[in-house]
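Asks: Sequence:
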Amino acid sequence: MFNKHLFLTNVGISLTLSGVGDILQQHYELLQGDQQKWNHTRTLHMSVTGMTVGIFCHHTYKLLDSFFPGRTLKTVLKKVLVDQLVTSPLCITIFFVTLACLERSNVNTFVMQLKQKGWRLYVADWVVWPPAQIINFYFLPTRFRVLYDNTISLGYDVYTSYVAHEIPLEVEAEVCENTE
Numbered sequence: 292m293f294n295k296h297l298f299l300t301n302v303g304i305s306l307t308l309s310g311v312g313d314i315l316q317q318h319y320e321l322l323q324g325d326q327q328k329w330n331h332t333r334t335l336h337m338s339v340t341g342m343t344v345g346i347f348c349h350h351t352y353k354l355l356d357s358f359f360p361g362r363t364l365k366t367v368l369k370k371v372l373v374d375q376l377v378t379s380p381l382c383i384t385i386f387f388v389t390l391a392c393l394e395r396s397n398v399n400t401f402v403m404q405l406k407q408k409g410w411r412l413y414v415a416d417w418v419v420w421p422p423a424q425i426i427n428f429y430f431l432p433t434r435f436r437v438l439y440d441n442t443i444s445l446g447y448d449v450y451t452s453y454v455a456h457e458i459p460l461e462v463e464a465e466v467c468e469n470t471e
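Numbering-wise (the numbering used here), the sequence shown opens with residue 292 and increments by one.
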């Protein structure tokens, strides 16, 4: 499974755990009384974002290993730096592009979400991922990296669902003026 069908395995795991992260977040919202019933469409959308990000991550890890072969501390730190400075912002952008397409958001809403919510996710990303990726790049073979990422990511997926759906956008004056 982790050799012959690695791409499908990685994408399937990403899709599934992103959906599970949303289910956990919605369950919490239901328990808190913030939500009346489970939103199936939201879970589907979060799952699809997991799929698109999973596709990107599958190929990114292969590229990182080809550009930075080996597992020395210096090589691992280079991979972590590229992961945080390049891969992470691209994953967050892919997430919001996918969500905007699925929710049929207009460009202004997409840009505001990316700027406000994307930044919040990126800051959280710096807390979670550098230590996790040091372990990932130092100890694990490439074929297990997306699985490891998604296992760590389950908590991050819950937070991503919260940020994407529960934190209101701060409406910018420019957008309000354009709608008048």
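It is worth saying that the hints were derived from the structure and are not from the lab. Please read these numbers as outputs of a predicted model, since none were measured by experiment. Just so you know, not all the hints are guaranteed correct.
With a Cα cut of at most 30 Å, we get these calculated DSBU-like pairs of lysine-lysine [said to hold, decoys possible]:
hint, residue 1, residue 2
1, 353, 295
2, 353, 365
3, 369, 406
4, 328, 353
5, 406, 353
6, 369, 295
Asks: It remains to establish, for every hint, whether it holds in the given structure.
Replies: Going through the hints against the structure:
{"no.": "1", "hint": "353 x 295", "result": "15 Å, holds"}
{"no.": "2", "hint": "353 x 365", "result": "18 Å, holds"}
{"no.": "3", "hint": "369 x 406", "result": "26 Å, holds"}
{"no.": "4", "hint": "328 x 353", "result": "41 Å, violated"}
{"no.": "5", "hint": "406 x 353", "result": "29 Å, holds"}
{"no.": "6", "hint": "369 x 295", "result": "29 Å, holds"}
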